[in-house]
Amino acid sequence: MNIRLVMAVLAAKFAGFVSRKLGWKGSSLPGVVARKIYKDTLGDLAGQARKGVIMVTGTNGKTTTNNMIANVIQNGGYKVVLNQEGANLITGVTAAFIKYADWLGRVDCDYALLEVDEASFPKVVKEVKPQIVVVNNFFRDQLDRYGELDTTVKMVKEALKSLLDVQLVLNTDDPLVAQMKEATGHNASFFGLAPNQRTGNGAKQTRESRFCPHCGNELYYLSFQYSQLGSYACAQCGFKREDPEIEASDVINQGIALQCRIRYPGGETKLAIHTQGFYNLYNALAAFTVGYLVGIDNEQILQGLLKYKPAIGRMETFNYKGKSAILNLVKNPTGYNEGITTLMSLHGSKNVFMAVNDNDADGRDISWLWDVDFEHLAQGHQSIETFTCSGLRGEEMALRLKYAGVPVEKITVIQEMDAAILKALEDPGESIYLFSTYTALWPAQRILLGLAEKEELNVKGLSSIS
Numbered sequence: 001m002n003i004r005l006v007m008a009v010l011a012a013k014f015a016g017f018v019s020r021k022l023g024w025k026g027s028s029l030p031g032v033v034a035r036k037i038y039k040d041t042l043g044d045l046a047g048q049a050r051k052g053v054i055m056v057t058g059t060n061g062k063t064t065t066n067n068m069i070a071n072v073i074q075n076g077g078y079k080v081v082l083n084q085e086g087a088n089l090i091t092g093v094t095a096a097f098i099k100y101a102d103w104l105g106r107v108d109c110d111y112a113l114l115e116v117d118e119a120s121f122p123k124v125v126k127e128v129k130p131q132i133v134v135v136n137n138f139f140r141d142q143l144d145r146y147g148e149l150d151t152t153v154k155m156v157k158e159a160l161k162s163l164l165d166v167q168l169v170l171n172t173d174d175p176l177v178a179q180m181k182e183a184t185g186h187n188a189s190f191f192g193l194a195p196n197q198r199t200g201n202g203a204k205q206t207r208e209s210r211f212c213p214h215c216g217n218e219l220y221y222l223s224f225q226y227s228q229l230g231s232y233a234c235a236q237c238g239f240k241r242e243d244p245e246i247e248a249s250d251v252i253n254q255g256i257a258l259q260c261r262i263r264y265p266g267g268e269t270k271l272a273i274h275t276q277g278f279y280n281l282y283n284a285l286a287a288f289t290v291g292y293l294v295g296i297d298n299e300q301i302l303q304g305l306l307k308y309k310p311a312i313g314r315m316e317t318f319n320y321k322g323k324s325a326i327l328n329l330v331k332n333p334t335g336y337n338e339g340i341t342t343l344m345s346l347h348g349s350k351n352v353f354m355a356v357n358d359n360d361a362d363g364r365d366i367s368w369l370w371d372v373d374f375e376h377l378a379q380g381h382q383s384i385e386t387f388t389c390s391g392l393r394g395e396e397m398a399l400r401l402k403y404a405g406v407p408v409e410k411i412t413v414i415q416e417m418d419a420a421i422l423k424a425l426e427d428p429g430e431s432i433y434l435f436s437t438y439t440a441l442w443p444a445q446r447i448l449l450g451l452a453e454k455e456e457l458n459v460k461g462l463s464s465i466s
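211 is the number that UniProt numbering gives to position 211 of the sequence shown; each next residue is one higher, with no gaps.
Rather than coming from a laboratory, the hints here were simulated on the basis of the structure.
Treat the hints with care, as some may be off.
Computed cross-link-like contacts, EDC-like style, restricted to lysine to aspartate or glutamate with a CA-CA straight-line distance of at most 16 Å [what the hints assert, rightly or not]:
no., residue 1, residue 2
1, 402, 373
2, 129, 158
3, 321, 430
4, 309, 85
5, 129, 150
6, 126, 158
7, 181, 242
8, 410, 385
9, 129, 40
10, 154, 108
11, 99, 44
12, 79, 102
13, 270, 297
14, 161, 148
15, 331, 365
16, 51, 102
17, 321, 455
Let the sequences and hints guide you as you build the complete structure.
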């Protein structure tokens with residue numbers, strides 16, 4: 001028995017208990033306490049996963065992908081540890097193990113499933129050696145924290161190079177991700193969408209990368225899915241989109257669900273997930289690929305994905321007096337543009353709520369809002385009844401909408417979030433779409449839980465209230 005580990009776990013669990021009693025979120029606090037007492041807490045606890053550690057990193061979709069993988073793995077009959085709520089810094093990853101450990105520091109799990117922040121990824125892999133690493137995408141995000149996108153990509157690349165033996169699961173449609181196989185020398189399985197799966201007009205896309213990551217020559221694109229994701233090739237060095245082992249086609253967006261056909265080595269099948277947002281197909285494909293690699297039966301993988309329920313702020317749906325209210329986390333231009341595209345695809349009249357904070361976890365620099373295609377909202381404002389802006393930088397959000405061309409009489413700024421959300425819910429639109437930056441997300445969810453009913457989707461795709 002490791003006495004220091006036991007002491008660290010005991011103290012961390014007590015700190016978490018006190019934090020919850022005081023009403024604090026504090027999801028990372030147990031990890032902070034444990035690491036102060038015993039610096040090897042994470043490594044010792046992670047080493048107890050019988051079949052290994054699976055990590056998810058990248059810019060958008062980490063929480064959703066990790067939770068989808070958890071559904072797949074658990075549906076295959078395995079026990080898991082995961083940081084379900086998205087605390088993905090090294091302290092949050094440590095806290096996830098503390099939560100599952102008993103008082104003696106024993107963890108009973110087959111797989112540890114960890115979403116890891118890109119900037120924390122190098123630190124985490126120094127202490128935990130993953131068997132599988134999923135990389136979903138790379139987009140510009142919180143420049144004051146991460147720096148330029150190239151810096152983030154290099155950070156993850158160098159961390160992957162430091163691993164002796166790891167299986168990569170890569171999004172072949174993102175050249176910044178797909179390069180990781182050649183750049184690191186590791187084995188890789190690719191997933192992606194067949195070309196031209198996106199239909200209809202959406203928000204303008206921010207193309208984060210136009211140049212070959214190997215030689216710097218401009219990439220030639222045959223088609224785009226969104227942002228820089230698509231079918232690409234470099235005429236200079238031959239770098240191109242790899243044919244994926246797991247590929248989706250025939251995508252159907254049913255509003256409350258997404259369906260597609262999946263091709264995998266040896267066959268095809270149909271996939272359905274109960275969530276909105278075209279981009280979530282990539283998260284589901286990543287989870288399918290992981291399930292396939294660890295040997296889970298296809299039917300169990302599909303059932304696991306069908307049971308997926310959105311995490312906080314990931315297209316999380318509430319019911320307020322018969323109206324749907326959808327809460328969505330936004331943190332960068334690409335993610336916001338995808339949210340706008342989803343919003344504009346909804347039928348009927350809508351109310352829009354936008355909360356913008358500039359705390360450390362959000363990023364102090366909010367200039368990225370000027371790269372979001374709010375002009376697309378302005379062009380379709382006839383279907384939007386009201387825009388309610390809130391948060392520490394609600395006035396700047398309102399200003400951005402004004403410059404985008406949204407009629408000023410439709411814009412209201414209410415700093416107090418309770419009143420702002422209530423207004424958005426009560427306004428005459430048939431549905432409500434709520435955009436929130438990171439630190440405004442938990443207060444927004446708390447308010448919604450107090451005013452509305454959480455809406456869940458059963459496995460047959462019908463709405464049910466719980």
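Quiz prompt | Structure versus earlier hints, numbers of those that do not hold, lowest first | solution = The structure conflicts with hints 5, 10, 14, 16, although it agrees with all the remaining ones.
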